[in-house]
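**Q** Okay, here's what each chain looks like letter by letter:
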Amino acid sequence: MTWREKYIAFSTIVVKEITRFARIWMQTLLPPVITTSLYFVIFGNLIGPRIGEMDGYRYMDFIVPGLILMAVITNSYANVVSSFFGAKFQRFIEELLISPTPNYLILLGYVTGGVVRGMIVGTIVTFVSLFFSDLQIHNLPVLISIVVLTAVLFSLGGFINAIFARNFDDVSIVPTFILTPLTYLGGIFYSIKLLPEFWQNISLFNPILYMINAFRFGFLGVSDIDLWISYSMICTFIAVLFYLCLRLLNSGYGLRQ
Amino acid sequence: MTNALTTRRLAKTYGNGLTALRGIDLDVAEGDFFALLGPNGAGKSTAIGIISSLITKTDGRVWVFGIDVDVDFPAAKSLIGLVPQEINFNLFETPQQIVVNQAGYYGIPRRLARNAAERYLRQLGLWEKRNERARTLSGGMKRRLMIARALVHEPKLLILDEPTAGVDIEIRRSMWEFLRAINAAGTTIILTTHYLEEAESLCRNIAIIDHGQLVENTNMKALLAQLNTETFVLDLIEAVDTLPVLEQRVARIDRTTLEIDVTKDRNINDVFADLSAHGIKVKSMRNKANRLEQLFIGLVNGTGGGAENKR
Chain L
1 MTWREKYIAF STIVVKEITR FARIWMQTLL PPVITTSLYF VIFGNLIGPR
51 IGEMDGYRYM DFIVPGLILM AVITNSYANV VSSFFGAKFQ RFIEELLISP
101 TPNYLILLGY VTGGVVRGMI VGTIVTFVSL FFSDLQIHNL PVLISIVVLT
151 AVLFSLGGFI NAIFARNFDD VSIVPTFILT PLTYLGGIFY SIKLLPEFWQ
201 NISLFNPILY MINAFRFGFL GVSDIDLWIS YSMICTFIAV LFYLCLRLLN
251 SGYGLRQ
Chain X
258 MTNALTTRRL AKTYGNGLTA LRGIDLDVAE GDFFALLGPN GAGKSTAIGI
308 ISSLITKTDG RVWVFGIDVD VDFPAAKSLI GLVPQEINFN LFETPQQIVV
358 NQAGYYGIPR RLARNAAERY LRQLGLWEKR NERARTLSGG MKRRLMIARA
408 LVHEPKLLIL DEPTAGVDIE IRRSMWEFLR AINAAGTTII LTTHYLEEAE
458 SLCRNIAIID HGQLVENTNM KALLAQLNTE TFVLDLIEAV DTLPVLEQRV
508 ARIDRTTLEI DVTKDRNIND VFADLSAHGI KVKSMRNKAN RLEQLFIGLV
558 NGTGGGAENK R
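If you're matching them up, the sequences are chains L and X in order.
When you line the first sequence up against my numbering, it's residues 1 to 257, in that order.
When you line the second sequence up against my numbering, it's residues 258 to 568, in that order.
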C-alpha cells in the first residue's frame, strides 16, 4: 500500500468508528454527561460547601478536573473495547483482516476512534461544569496534552481487553473491577495528602493518580505529583501497551485461528 | 502464464490437535472457474481461510499470482476478494456503508469507492436497499451483499465459500449468471459449494478434498468422462406390468415409471430401440442424479462411483 492508500484505510476506520458512536449517541454520549452532572450537583453543590476547601480551592473546583478526566477515561476505554469486541463477535473484523491494511493502522484507527469519543465527552462535560464552577485554565498545553495522552492510553487498554475478551462479561469485568476502583482512588475527590503516609505510598502505584493530578495542574496549577513524572508515566504506559497491542495483532491472538 | 493460485504442501493442524489439511497442492490457472469440493469438515474452508489470511498455516507455501504470501501478504491480499460462508458484516450498517468502507480498507478513495459500490449494488439488485440496515435484508440479499463487498476493490481472484447456501433457485441462477459474467471479464473464481449441479454448471476445473487430502484434481470434462454409467428415469405413456429383460439394468419405480442404467459404451438411441421392441413407449426422461454427485460420492466414499478411485 502507498502512504496515500494507508491514509485512506486509516481514515475509513476512524470515520466508521465516529459514525458508530454518533449513531448510538443515546448510549455513548449522553450517559456520561448525566452521570457527571449528578456528581457536580451532589458532591459539588450539596456536600461540597460542608467539606470546605481542598488544596486551597473550593471543593467543587477541586473535583471538576478529575470528573472530566474520569469521563474521558471511561469513554475512550469503553469505545474501543465495545467496538473492537463487537467487530470480533459479529466477525466483521474479518473485513479488515483480509484487507492489506497493516495491523498498526487498524490499531491506530480504533485508538483514534476512542480518543475522539473521549474528547467529545470531555468537552461536553467541561461545558456542563461551567454551570457549577468558575473554571479557570492555568496551563492549556498541559491540559490538552494530558487529556489526549490519557485517552490514547485507555483506548489502548480497551483494545487489549477486546482482544482477550471471549464474551460480553469479559468486556465489563476490567472496567468494573479494575478501572472504576483505580479511578475513584486516583484522587478525583481528595488530595492524597489527606491520607496516612502508608496509603499515600500505596496510591503512588495507581497510574490514574498521575493523570488526574497532571490534568488538575492544567486547570488549577496544583498537583500532588511532579508534572514530568506524570508525563513519563503516561508515555511509558502508552509505549508498553502499544507494543503489546501490536504483538497481539501480529500474532493473530483471538482473531486468526 | 502465472497461476492465480498455487499451493504446495499446504497443511494445518489446529490448537486442539485436529489436522484439517495434510499437505495439499493446488494449481488454479488465471481466468479459471475452479471448484473446490469436499464433504463437511474436509478442509475446504481451512484452505480458503489460509489463502485469505484468516487462518495461519502450519506448513506449506501459497502464491497468489506469483506473490509468495510469506514474503508480501498485503500485496497478495489486494488481489483477493473473499465471500465467506457465514454472514460477517455489521448488521447495523447499510449495504452502501459496508461496501464503501471495504473499498476504503484497500486504499480506494471515497469517490471511486462510491462509484464502484453503486455499480456492484446495482448489478446484484441491491441498489434499492442501499440505505437500509443490513439486518433487514433477506438471506439471499445478504449473500449478494457479500459478493458486492468482495468485488468492490476489483480483485483478480474471487473466492466464494458456498455463496448460494440457503438461496432460492431463482436467485441462485441469477447469481450464476453474474459470476459467469465476472469470470468472462477476466476474474479468476474459486468456488466451494454443496450444490454439485452448481459446480458442474459453472466450473471448468475441479479439486476434491477429503480428510484434508486432495483426492481428485482435474478438469470437469475429464472427471465427468470417468463416469461409466448414467441412470435415467423414464416416464412411460402406458403402464408396464412386467419388466423387459434388457442388456442394461432396468428397475420399475411404479407402473408408469422406469429407471434404467446406460453405460458409456451404449448409444441412447439403442436403448430406445430396445424399449420400443418390447412395446414400451417413453413420454419423457430425466437424469436420476446429478452426474458430478455420483462421482463425488464415489470419490469421498472410496467406492469409485463409476469412476476410478484415485485416493
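Warning: the hint list may mix true and false statements.
[To be verified] Here are the simulated DSS-like cross-link-like pairs (lysine-lysine), alpha carbons at most 27 Å apart as the crow flies:
1) X/K399 <-> X/K413
2) X/K399 <-> L/K88
3) X/K478 <-> L/K6
4) L/K88 <-> L/K6
5) L/K88 <-> X/K386
[What the hints assert, rightly or not] Beyond 10 Å from chain L on every Cβ pair, some chain X residues (computed):
6) T259
7) G280
8) D284
9) I312
10) E343
11) N358
12) Q359
13) R371
14) D425
15) R437
16) A438
17) V472
18) P501
19) R523
20) A530
21) R543
Think of the hints as simulated: they come from the structure by calculation, not from any bench.
Note that the Cβ used here is the ideal one computed from N, Cα and C, for glycine as well.
**Q** If a hint holds in the structure, say so; if it does not, say that too.
**A** Each hint, compared with the structure:
no. : hint              : result
1   : X/K399 <-> X/K413 : holds, 23 Å
2   : X/K399 <-> L/K88  : holds, 19 Å
3   : X/K478 <-> L/K6   : violated, 45 Å
4   : L/K88 <-> L/K6    : holds, 22 Å
5   : L/K88 <-> X/K386  : holds, 26 Å
6   : T259              : holds, 19 Å
7   : G280              : holds, 18 Å
8   : D284              : holds, 22 Å
9   : I312              : violated, 5 Å
10  : E343              : violated, 7 Å
11  : N358              : violated, 6 Å
12  : Q359              : violated, 6 Å
13  : R371              : holds, 12 Å
14  : D425              : holds, 25 Å
15  : R437              : holds, 24 Å
16  : A438              : holds, 24 Å
17  : V472              : holds, 24 Å
18  : P501              : holds, 58 Å
19  : R523              : holds, 50 Å
20  : A530              : holds, 58 Å
21  : R543              : holds, 41 Å
Hint check: violations occur at hints 3, 9, 10, 11, 12; the rest are consistent with the structure.
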